[in-house]
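Asks: Please model the entire structure based on the sequences and the hints provided.
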Amino acid sequence: MESLNPISSNSFGADVHLSTKDVHVWFGQRHVLEGVNLEFPVNSVTALIGPSGCGKSTFIRTLNRMHELIPNAKLAGEVLLKGQNIYAVGVDPIQVRINIGMVFQKPNPFPTMTIRGNVLSGLRLSGKHSRNEDELVENSLQAASLWNEVKDRLDSPAGSLSGGQQQRLCIARALALAPDVLLMDEPCSALDPGSTIRIEETIRSISKNMTVVIVTHNMQQAQRVSEQTAFFLAEDNNPGYVVEAGLTNDIFHNPKDKRTEDYVSGRFG
Amino acid sequence: MAKSQESFDLVDLKLKVSGRGDRLFFGFSSVAAYFAFSLVFLIVIFLGNASFSTFKTQGLAFFTGSTWDDAAGVYQIFPMLVGSVLCSILGLLISAPISIAIAYFIEFMAPPRLAKALTNIVDLLAALPSIVIAIWGAFVFAPVAAQWAQIINNKLGFIPGLQNTSGTFVGSPFIAGWILAIMMTPIITSVCREIIGSVDKDLVSAALALGGTRFSTMRRVVIPTARGGITGGILLGLGRGLGETIAVLYVLNLVFIVNFNILENYGGSVAPMIAAYYGESSEVGVSALLAAGVALFLITLFVNLIAQIFVGRYEKKMAS
Numbered sequence: 000m001e002s003l004n005p006i007s008s009n010s011f012g013a014d015v016h017l018s019t020k021d022v023h024v025w026f027g028q029r030h031v032l033e034g035v036n037l038e039f040p041v042n043s044v045t046a047l048i049g050p051s052g053c054g055k056s057t058f059i060r061t062l063n064r065m066h067e068l069i070p071n072a073k074l075a076g077e078v079l080l081k082g083q084n085i086y087a088v089g090v091d092p093i094q095v096r097i098n099i100g101m102v103f104q105k106p107n108p109f110p111t112m113t114i115r116g117n118v119l120s121g122l123r124l125s126g127k128h129s130r131n132e133d134e135l136v137e138n139s140l141q142a143a144s145l146w147n148e149v150k151d152r153l154d155s156p157a158g159s160l161s162g163g164q165q166q167r168l169c170i171a172r173a174l175a176l177a178p179d180v181l182l183m184d185e186p187c188s189a190l191d192p193g194s195t196i197r198i199e200e201t202i203r204s205i206s207k208n209m210t211v212v213i214v215t216h217n218m219q220q221a222q223r224v225s226e227q228t229a230f231f232l233a234e235d236n237n238p239g240y241v242v243e244a245g246l247t248n249d250i251f252h253n254p255k256d257k258r259t260e261d262y263v264s265g266r267f268g
Numbered sequence: 000m001a002k003s004q005e006s007f008d009l010v011d012l013k014l015k016v017s018g019r020g021d022r023l024f025f026g027f028s029s030v031a032a033y034f035a036f037s038l039v040f041l042i043v044i045f046l047g048n049a050s051f052s053t054f055k056t057q058g059l060a061f062f063t064g065s066t067w068d069d070a071a072g073v074y075q076i077f078p079m080l081v082g083s084v085l086c087s088i089l090g091l092l093i094s095a096p097i098s099i100a101i102a103y104f105i106e107f108m109a110p111p112r113l114a115k116a117l118t119n120i121v122d123l124l125a126a127l128p129s130i131v132i133a134i135w136g137a138f139v140f141a142p143v144a145a146q147w148a149q150i151i152n153n154k155l156g157f158i159p160g161l162q163n164t165s166g167t168f169v170g171s172p173f174i175a176g177w178i179l180a181i182m183m184t185p186i187i188t189s190v191c192r193e194i195i196g197s198v199d200k201d202l203v204s205a206a207l208a209l210g211g212t213r214f215s216t217m218r219r220v221v222i223p224t225a226r227g228g229i230t231g232g233i234l235l236g237l238g239r240g241l242g243e244t245i246a247v248l249y250v251l252n253l254v255f256i257v258n259f260n261i262l263e264n265y266g267g268s269v270a271p272m273i274a275a276y277y278g279e280s281s282e283v284g285v286s287a288l289l290a291a292g293v294a295l296f297l298i299t300l301f302v303n304l305i306a307q308i309f310v311g312r313y314e315k316k317m318a319s
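Here the protein sequences line up with chains S and P, keeping their order. Sequential numbering of the first sequence, starting at 0, is according to numbering that gives the first Met the number 0. Sequential numbering of the second sequence, starting at 0, is according to numbering that gives the first Met the number 0.
If you are wondering where the hints come from, they were derived from the structure by calculation, not from laboratory data. Be aware that one or more of the hints could be misleading.
[To be verified] Facing chain S, from chain P, some residues (calculated, C-beta under 10 Å):
1) Ala145
2) Val203
3) Val220
The beta carbon of each residue, even a glycine, is placed where N, CA and C say it ideally should be.
Replies: Next comes the structure, spelled out in structure tokens:
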């Protein structure tokens, strides 16, 4: 089969885990995203970059069906998780969101729950059960590199943590559901540089056995954490689209498109 | 060098009045404010003065006894107090879940236009005059609710509180509770709507992204976060129910016997009792009715105070 995109099983040498085919998005009558074809290989990190309003945050929300919660939002095209369209009739969006976790821009742990309660919140919310909750809490917090800082105060309220710790708690909370894919929408934009580095280390470590898609405004961050990068652009009220996608190294050092080159070298955006 | 803050002349802007229009408006506002304040003060004095003799002659039995005999000069309101609380709690049991559900639907599920329409419709319900609900309740709703009551009694009559020995199902606290629920729903909904609306939308997104359903998101995240404010809203509804007069008067069969069987065909409630007896009471009787009013006022005041503490504490928490 011919590859739709530079990020493919061929160019990267890994199986495609998640892919999109001709994804379009509308808010009411407004066409905001046009014909996005991307492929996310297994256990890799893909960065979505581009200026504000280019549709990258909108796009990441189509990957776990969070997009459809926005009133008047419409979508065309296919999002395939291991070959199966997550928008197909009969697919439960709740199951999709359990398989494809999400971390948001602003750390948003549940303020009424303890640290432990936050890690287990996905189980409670989705009605799933775990045979060993203590082990799940420890493993999830370990994976999010937070365990050593909170192991003695698991029953403290989540609000007692610092911003960076809260964001790692949100990562732990998503990991507790053992998702296949983790989506991160500008996870460090509300954090200080020190916390950002910790989160980036966490992303590197979880991507050893998980596919990660991260939206970022920070081009250094994209280069530090990702193997692939897709550059989104929206021009003059036209819908956003992918200008260029490929290995991160190529996008930043050997871009094929002039607009990509201008953006990554800081000439606009 | 910039002047240090202490060296500025501080001007009290609140009291600075200039120009004739301003002075007139200021004068009018002050008079209105002082008038309202004095009016409340005078009403309290009047109530205290008028009811004092009753409290003095009846003693504690005024609150704990079950006889009201104007001719004999015995005035006791225990069944009415119990009834007020019972009917209002019944009303809350019905209206609180409905109100929370409406509020959640408006804030999180309805498309904007429907949300706006629903908000207006629920507020309109609050604008319906009590007498309209009273007449509708007595002639349209009561016969229907009496049938529901009969069905409940048939199936669950063995449970204490759901018994009925009279065989008649109209005039019961059950029906009064439903009518109160209709009157409480708008106020509880409007408080809950604002409180639920102030819950961080990011938390809702987070819950849904973790595989939450609409219901589990509401139960595990939205309601716990908004708990204090919702409690306040429910207590405001309770205050509304305790004070309701005419609508309960039309649907409840007032009898001076303590009744906890909600399907039985009689009950009590302080406010409608005052309205019912006012016209045919002696001078001493009227004083006793006013004393009953004072008792109800104190209960309502207490409930509202607690409600304000809850709502206030919630708003403070949200602001921080």
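Asks: So, for every hint listed, does it hold in this structure?
Replies: For each hint, the structure was consulted:
1. Ala145: With a closest approach of 40 Å, the Ala145(P) hint is violated.
2. Val203: It holds, given that the least Cβ distance between Val203(P) and chain S is near 9 Å, below 10 Å.
3. Val220: holds (6 Å)
Against the hints set out earlier in the document, a violation occurs for number 1 only.
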